[in-house]
Structure formats: structure tokens, C-alpha cells
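What follows is the residue order along each chain.
2 protein chains.
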Amino acid sequence: MPEFRKDPVTGRWVIIATERAKRPAAFPVKRQPTHSNEECPFCPRREHMTPPEVLAYRQPGTDHNEAGWWLRVVPNKFPALVSGEPVKRSGDGMYDRINGMGMHEVVIETPRHDEHVGDMEVKMVEEIIWAYRDRTVEMRKDPRLEYVMIFKNHLREAGASIDHPHSQIIATPIVPKRVQEEIDGAQRYFDYKERCVFCDMIDQEKKDQMRLVAENELFIAFLPYASRFPFECSIMPKEHTSFFHDIQKNEVTEFAKVLKETMSRLKNVLDDPAFNWILHTTPLRETENGYYHWHMEIIPKLSQPAGFEWGTGFYINPFPPEDAARILKLDGAAEQAAG
Amino acid sequence: MPEFRKDPVTGRWVIIATERAKRPAAFPVKRQPTHSNEECPFCPRREHMTPPEVLAYRQPGTDHNEAGWWLRVVPNKFPALVSGEPVKRSGDGMYDRINGMGMHEVVIETPRHDEHVGDMEVKMVEEIIWAYRDRTVEMRKDPRLEYVMIFKNHLREAGASIDHPHSQIIATPIVPKRVQEEIDGAQRYFDYKERCVFCDMIDQEKKDQMRLVAENELFIAFLPYASRFPFECSIMPKEHTSFFHDIQKNEVTEFAKVLKETMSRLKNVLDDPAFNWILHTTPLRETENGYYHWHMEIIPKLSQPAGFEWGTGFYINPFPPEDAARILKLDGAAEQAAG
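Line order of the protein sequences matches chains A and B. Once you know that position 267 of the first sequence is 1565 in my numbering, the rest is easy, because the numbers rise by one and skip nothing. Once you know that position 128 of the second sequence is 1426 in my numbering, the rest is easy, because the numbers rise by one and skip nothing.
Okay, chain A solo, but in the shape it has when bound (with noise of 0.2 Å):
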């Protein structure tokens, strides 16, 4: 069974695989092949080839776990938690661990195998929106579990060992460091200016516009002044909500425009890049608040982070946010120009 073990100088919990010990002491480290086409385990008519479905969006009259799905979850085949378990912590001499409790699901994004996101109709993007909230608000109600992650590896650079479009959604009985870091250092905002950081950091976009990359009357989508990598990008809901599954009907339309209008522009001019997205909302068991604004990050994976950045979260980012965002806007105006 996998375990959480707290790192006993920073507090940061770690998921180790632990029940890999049990396997012979082959390397287990490097990745698995992506699959081709012709065996995709993700593809229509493949649904057996992953566990049964925790939910699909489905044409009328097909059957549970059969084609006939324009976009399907499924628990992950090699999840990294495990389900069922009550959350037990222990001590190990000095050290911290609790048990590997949690759910770990595969968000299977459209049938078509080689679709893009920036391609999709916003239809279907509004479909990866609403499974996300869906499965945030069934996992809510396990009163074990702290927080959702969900995130999108595209791409092997990015971490992805299966081209097939599809996201991930991780649930876990603690709230990860990073997150309650940010959260922290909102209150800290909220404390001395009382206004959220987000809404200021929403203001001044719109009004400094060299960052900007879409926008329309819900959502923004920007390159962050202190971008940590080239190219990464926020998208924001321009309403204060704390949580991501309070979005409203009309917001998942706009946010699904925003969202595409982006990965196409970074589609378009960096080539088809590998990309990570995480999605940043306020932990399950808090309430709404006026300081945590829920947003997601896109993060094109361009390079090769250095130690430098490793080690120490500093980061070195070698081409500037408004750069970045001219070559993003050329990239539209040429379009336009075009169409």
C-alpha cells in the first residue's frame, strides 16, 4: 500500500509507492511506452481495457462501459492512493506517514485519439469543465478527503505515458504544501489590504494589457508578472469564487473559450508543446472566503529546469512574460488577418 511521509524539516508530504518493494528489484523508474493508435486503452471500443467507469457523458441509449462516450472517467488503472481505507497516521522513529488513502481517476477527454485541446469545439472543452466539477463535488462528500487536484499532462515531456487527451484527478486526505502556501499568502494580502490578490492582480492585467492573452467578459487568461517558466500562463474567473466547483453554467461557456482560445495560441506558436495544467481551488473543508480566488496554470514545458531551480524554488526565467505575450498576440492578429 503506498503511504504518505511528511518531510520532517519543511512539513511537504510525499506519496511513496511502497508496495513496489514487494516487486523483484527491477529498475522500475524509466516510463512505459506511449501506446499507439491501434492499442490505445483510451480509444472507443477499448472501454474494457481500464476499470469500469465512475462517469460518462453518453449518447442516449448506449451502455455503460461500451462506445458510444464523448467524454468517460475511470478510475486509474496504477493509481497512486488507494480507495476504502480508513486515513491512518503513525509515527516511524522520528518520522511522520499516514497510509496511502485517497482516489486517483483518469478524465478520458474526448474518443478522438489525437484531438488537441486548442482544436476542440468549446462544446467539448465545456465537457472536460463540467466532468472536473462533477467529480470535485462527488468527492467532496467523503468526509476524509482534503483536497482535489486536478491537472493534464500533455505530452511524455510533460509526464504523460499515453497520448490519448486526458486529465487527472487526484483526492487526498491532506491539503498539499504548495497550495496552502499560496492560500497563506493570500490571508497575508487580505489581511493588509483587504482586497483579494487575484482580483488586484486581475485589475492591473487589464490595465497594464502587455500580459494579457484572452480575455473575455468572465474570464482572463495572462502571463504572470513573476513567471517562473517561459510562456506560462493564468486563467482566471473575473468573479471572486473561492471554490471551482461553484462555477455557474454561463462561466463554464466562457471559460471553456478562454481556455481553448489559449492552448491554441500556445499550440500554434510553440509547436505543439509539451504542457502541464493544474487547476488551484481552496481546500474541501474551508468555506468561502474574500481571499482565495480559484485560477488555473498552464505551463508549456519548454526547457529543462537546472538545479538552480531544484533545489532551492528559485527560478531563472530566461524570456520575460511580456515578450511572450507579444508573440502570443502577433500569433492571433496574423490569424485574424488571415480569417
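I should point out that these hints are in silico values taken from the structure, not numbers from a laboratory. Remember, it's a predicted structure, so these values are computed and weren't measured experimentally. Quick reminder that beta carbons are idealized off the backbone N, C-alpha and C, glycines included. Heads up, a few of these hints could be off.
One-sided and incomplete, this derived list gives chain A residues near chain B with beta-carbon spacing under 10 Å [as the list claims (entries may be wrong)]:
#1 Arg1310
#2 Val1312
#3 Asp1394
#4 Met1422
#5 Met1447
#6 Thr1470
#7 Ile1472
#8 Arg1476
#9 Glu1480
#10 Met1499
#11 Phe1612
Dock chain B against the given chain A, drawing on the hints supplied.
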């Protein structure tokens, strides 16, 4: 001129190379190819290809910036920070920035283009440690500088752009957030236990044995209980010391032995993996204290970090440190049996 920019939510400072904004909009995020041996700027008799040396350990009677050295420190030709400027803090709308003042140097560790630290004579490894120490002491004389980061990227997958063995030293007018977090965590432990958390870890690892990699009278190398990455190693002095640059002469020798042994085992077992090492020490302007204990982290680059890790600071390690230690030690046992 580069600048530090502060993330308004987390307070994390990022170095942004804004001078690139003046360059044409060519897309600069691809790494330059590694030099072949024939054109390596770090090999002897190519001293003119680097800025003039700031430190060299060389044969008596040889001239500055000529062959005859066995270790050489030069300013980085493409520095992330520039020296000789006063520290200026300023606002930028709601955001905060500091001009990119600091130092960025390269330690050329050996004249031999292909020498791996795991294969070096212990005497040569000692010289690397002395260079780290000498440059830290020198940089500390500049009262504007708050922290000295010393790290090594080995191979391109770990961020190296040149194959010739080298490390980097970056001195900054701020303390990196991740460093401060480690110090704060150590201080919290000390406040509660009235003991150093690192000293306690050393005791625990000696008792548990199963994560040990190498040990002698003065130093210990082990895989951390909550390892973020497979085969991640920590090396610590057994004697509590806050500042790396206070290292004693006999400690330099023992550190070099444990470092070489650890690197040799990693090289043999993992087939010369890319890696980063990072020295963690107390910020320059603090005083010797009971809670922070300098140490080195070594992180082999075996698999891509996935979105999960990036976005949340939450790591999944698929290979338990106890298994990794067993494999590393088996290799040593085999060698000893063979020898």
C-alpha cells in the same frame, strides 16, 4: 538588465532576464547544443574563451588565464545576474521588483573534459569543496548579498549546457523562499524539541540503517525518508554546523570521500545519470545557530516530473528510498567482493 520579480501571492522571487526584450523576437528557449571536446571553452588552453578567472588552483610558475590549473573559477559568460550595481527595490503597479544585482560564477572542476566526480581522486573532490568555500567567503564580504547558492548540473537532462565538469555559484541580494522555508521548518522543530532536526535525522538514519548509502567518521549520506525523487540523496556533516563555509580542513577530506563514494554508486547503478546537486547553507547575514545544519542534496534526473509535482509542490515517488538504498549498497558489496 535582469530583474527579480516577486510573485504577489506566494512571495517567491523569480529572476527574469528582461534584457532579452531588446533582442529580436527570435524564440530563445531552446538550449544551445553542448560543445564537443574540440571546442569546449572549459578545457585547458582555451582560457581566453571564458571571462578572466577570479580564482584558480594552479601549478606554481604558471600564469593567470593560461594552462597549468587543476581548478578554475570564472564569471559566467551569460550571467543571470550582474554585479557592481546597488540594490534597488521598486514597485511596478501592484507588483514588486529588485534590479538583478548579484554574482554568477562557474567552477571548472577539472582540466579533464570527461572526468566524472565519482571517478575523481579524493584530492580533486576536496579541491572542488575548497573552491566552493573560498568563493563563499569572498562573496560574503559584499554586504549587499544575502545568500550564496552552489549547485551542479550534470548532463543536459539536468540543465547543463556544457559537458565539461563544472558547478555554478549564484549570489543574490535576497534569501530564496525555499531556503527560508527549510530554515523556518528547522526552527519550528527546534522550538518544540530543543534539538536540531538534521542531527535527529542523522541519529535516526544510523539506527534504521536501511536508507544509508555511505558513512565515515565525520559525514553521512542517506536517502531521505520522504524522498521526492527516486535515488535522491542527502549528505550531512555529523557535527552540527550552520554554515558550509565554516567547514574544517579535516571535514573537507571526509566530505570529499563520502561525496565521491555516493556519486560513484549512483553512476554505477544508474548508468551515469543526469543529476543536480545543491548545497544548502545558512543565509550569509544570520549567525551560527542550533537549528540549521548545512547539507548537500543530490537529485538524479531519472524521469520527467509530471504536472502533479509542478503545480502543487506535491510529489509522487514511485520507488521507495529503502529499495534504492539496497540497490546502491548491493553494488558496493559486489564491488568489495570483486576487489
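Against the structure, the hints come out as follows:
1. Against a cut-off of 10 Å between C-beta atoms, the interface hint on Arg1310 of chain A holds, since the closest Cβ of chain B lies about 7 Å away.
2. About 5 Å separates the beta-carbon of Val1312 of chain A from the nearest beta-carbon of chain B, less than 10 Å, and the hint is met.
3. Because the closest C-beta pair between Asp1394 of chain A and chain B is about 9 Å apart, less than 10 Å, the hint holds.
4. Against a cut-off of 10 Å between C-beta atoms, the interface hint on Met1422 of chain A is violated, since the closest Cβ of chain B lies about 20 Å away.
5. For Met1447 of chain A, the shortest C-beta to C-beta distance to chain B is roughly 6 Å, which falls under 10 Å, so the interface hint holds.
6. Evaluation of the Thr1470 of chain A hint against chain B yields a held restraint, the C-beta minimum of about 8 Å falling below 10 Å.
7. Because the closest C-beta pair between Ile1472 of chain A and chain B is about 9 Å apart, less than 10 Å, the hint holds.
8. The beta carbon of Arg1476 of chain A comes within 3 Å of a beta carbon in chain B, closer than 10 Å, and the hint placing it at the interface holds.
9. The beta carbon of Glu1480 of chain A is positioned within 10 Å of a beta carbon in chain B (closest approach about 5 Å), and the interface hint is therefore held.
10. Interface hint at Met1499 of chain A: satisfied, since its Cβ lies 7 Å from the closest Cβ of chain B, which is below the 10 Å cut-off.
11. With its C-beta approaching chain B no nearer than about 4 Å, Phe1612 of chain A sits inside the 10 Å limit, and its interface hint holds.
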